[in-house]
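What follows is the residue order along each chain.
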Amino acid sequence: MSVDQATVRRIAHLARIAVTDEEVPHLAEEINAILSFVEELNAIDVTGVEPMTSVIPMKMKMRDDVVTDHAGADVVVANAPVSEDHFFMVPKVVE
Amino acid sequence: MTQPIDLTLAEARDALRDRKLSAVELTQSYIGAIDKARALNCFVTETPDRALDMAKASDARIASGSAGPLEGVPLGIKDLYATEGVHTQACSHILDGFKPRYESTVTSQLWSDGAVMLGKLNMDEFAMGSSNETSYYGPVASPWMPPNWSEDKARAALASDKRGLLVPGGSSGGSAAAVAARLCLGATATDTGGSIRQPAAFTGTVGIKPTYGRCSRWGIVAFASSLDQAGPIARTVRDSAIMLRSMAGHDAKDTTSVDTPVPDYEKAVGASIKGKKIGIPKEYRIDGMPAEIDALWKQGIEWLKAAGAEIVDISLPHTKTALPAYYIVAPAEASSNLARYDGVRYGLRVPGKDIADMYQKTRAEGFGREVRRRIMIGTYVLSAGYYDAYYVRAQKIRTLIKRDFETVYAQGVDAILTPATPSAAFGIGEKGSADPVEMYLNDVFTVTVNMAGLPGLAVPAGLSSDGLPLGLQLIGRPFEEETLFSLAEVIEQAAGRIKLPQVWW
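Going down the list, the sequences are from chains A and B.
FYI, in my numbering the residues of the first sequence are 1 to 95.
FYI, in my numbering the residues of the second sequence are 1 to 505.
Check before you lean on any hint, since a few could be wrong.
Within a straight-line C-alpha distance of at most 30 angstroms, the following computed DSSO-like cross-link-like pairs (lysine-lysine) qualify [stated by the list, open to error]:
1) A:Lys61 with B:Lys253
2) B:Lys396 with B:Lys153
3) A:Lys92 with B:Lys353
4) B:Lys274 with B:Lys99
5) B:Lys396 with A:Lys61
6) A:Lys59 with B:Lys36
7) A:Lys92 with B:Lys402
8) B:Lys36 with B:Lys56
9) A:Lys61 with B:Lys402
10) B:Lys56 with A:Lys92
11) B:Lys99 with A:Lys59
12) B:Lys276 with B:Lys56
13) A:Lys59 with B:Lys396
14) B:Lys402 with B:Lys305
Bear in mind the hints are in silico, worked out from the structure with no lab data behind them.
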């Protein structure tokens with residue numbers, strides 16, 4: 001399988017990464033190089049094999065459903081590029 | 001006379017305990033060494049004031065008899081670990097200005113055991129790379145000089161664009177270079193596909209990636225969560241054992257961390273390896289492998305045999321599939337983990353005409369080329385119509401890779417010996433600019449271990465014909481890191497500890 005330029009634009013959109021017209025052909029080349037590298041996996045027989053979900057067998061631990069983090073709003077927004085009154089500020093989303 | 005920075009971690013720890021050396025004195029020596037080595041670009045942030053405060057507190061605890069296992073030991077911390085109030089950016093532009101308000105579990109354990117923080121270490125951006133060249137803060141130069149270079153030539157390259165100097169490996173390149181240049185006694189690192197073991201092999205240092213779940217991942221910037229694991233890089237096998245003991249342990253904040261006691265790994269250093277069954281996998285003898293790597297491997301086999309180990313030929317038939325399967329699984333997990341960098345909650349924000357435009361511009365400017373590429377590959381293999389063909393298939397192959405190891409372990413194999421890397425260190429600017437896959441091939445021997453969640457250790461075993469360090473890798477059974485330390489000590493003793501480069505920088 002290989003990707004064309006329209007697919008590269010679609011992937012970039014899904015990943016929310018802006019790409020320029022000049023970048024697209026080059027990105028297609030690089031992505032295709034990686035896809036052709038992983039092509040050999042198609043030759044492996046995986047009939048009846050379960051996909052891995054946990055590399056080390058472990059039981060999911062349960063804990064009481066209580067608040068464990070009391071950091072507070074000041075701390076939560078401390079690294080925000082823009083915040084006001086403990087809210088994260090973003091460009092207007094609803095007209 | 002031996003300078004304080006020439007002591008190993010174990011020696012320094014003992015000297016501190018015996019009050020032959022003070023923590024402040026030792027820390028000052030390291031601050032001085034870091035100051036003179038700035039051109040290597042190992043550190044992205046230095047914290048000398050904090051280090052001296054911590055050292056003073058260590059001296060007080062030593063005086064009062066309440067010293068911890070790492071009391072007064074100056075360490076470097078990979079920029080991937082959250083350190084409260086201190087630069088933590090995974091060496092990415094997108095985390096500009098990020099200073100976490102919390103401390104990673106692993107580093108908090110180091111500090112409560114008495115260690116001293118010297119600063120944050122350079123790395124490949126988001127740990128994606130094998131040469132430390134993808135860092136937003138620029139490449140790290142290895143303290144090992146390129147073959148046949150004069151000190152003048154190396155210093156001139158260091159003062160310009162560093163091209164031609166050697167890479168320290170990656171992604172924990174700053175960690176490995178800082179340890180090899182004696183800028184810290186040990187360093188934290190992380191390993192998703194080889195990021196501890198490959199740089200350790202390139203710099204003549206010891207690095208261990210423990211079993212998945214042995215160290216808490218809480219507070220470590222996530223790359224590929226089912227593969228990421230923390231571990232140390234240090235100058236000797238013993239030093240790495242001492243560090244791992246403090247780093248490992250159960251943490252309620254990471255559900256994948258395992259609740260089993262942490263052994264005193266140092267006790268395993270020097271233990272007999274008589275009767276240990278060591279597997280030699282034929283699939284690791286790859287086409288085009290340099291003769292000197294093969295010779296090093298044979299030498300390693302002889303050393304272990306001489307120490308009483310039993311050598312058996314084994315087969316791990318799915319070895320070849322590990323690297324391509326990794327380049328589906330790791331980018332897929334990365335594309336999901338890195339979705340959080342959107343210019344809203346932390347780091348860089350590039351303004352846009354609306355919120356979607358802001359996301360796209362922020363991520364385009366904030367992520368470097370390699371990271372963008374991997375996010376896009378990951379997005380593609382997870383997208384509708386391709387998920388089964390790529391992602392599910394790769395996870396099935398991962399099951400097969402793990403089964404290979406389980407089969408040989410069930411036959412009584414205690415550990416597996418392989419080369420750590422397919423070559424010695426290469427030059428800055430030499431690889432991967434045209435074809436990204438060229439760089440990925442560095443991890444061909446290490447990536448299987450992450451795919452199977454096993455512990456793996458890289459130990460220096462000799463020098464190439466050009467005088468550059470080469471390492472061997474030991475792969476163990478789950479949670480049997482002690483066996484790896486015992487075996488690695490035999491190799492370290494037999495090879496003679498690598499003489500680290502003298503200061504030329």
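Hint-by-hint comparison with the structure:
1. A:Lys61 with B:Lys253: Within the cut-off at roughly 11 angstroms; holds.
2. B:Lys396 with B:Lys153: 50 angstroms, violated
3. A:Lys92 with B:Lys353: 9 angstroms, holds
4. B:Lys274 with B:Lys99: Status violated; Cα separation ~49 angstroms.
5. B:Lys396 with A:Lys61: 25 angstroms, holds
6. A:Lys59 with B:Lys36: 50 angstroms, violated
7. A:Lys92 with B:Lys402: Distance ~49 angstroms between A:Lys92 and B:Lys402 Cα, so the pair is violated.
8. B:Lys36 with B:Lys56: Answer holds: B:Lys36 to B:Lys56 is near 23 angstroms, not above 30 angstroms.
9. A:Lys61 with B:Lys402: 24 angstroms, holds
10. B:Lys56 with A:Lys92: This hinted pair is violated, its Cα atoms lying about 51 angstroms apart.
11. B:Lys99 with A:Lys59: 34 angstroms, violated
12. B:Lys276 with B:Lys56: 45 angstroms, violated
13. A:Lys59 with B:Lys396: 21 angstroms, holds
14. B:Lys402 with B:Lys305: OK: B:Lys402 and B:Lys305 at ~27 angstroms, within 30 angstroms.
In summary, the numbered hints that this structure violates are 2, 4, 6, 7, 10, 11, 12.
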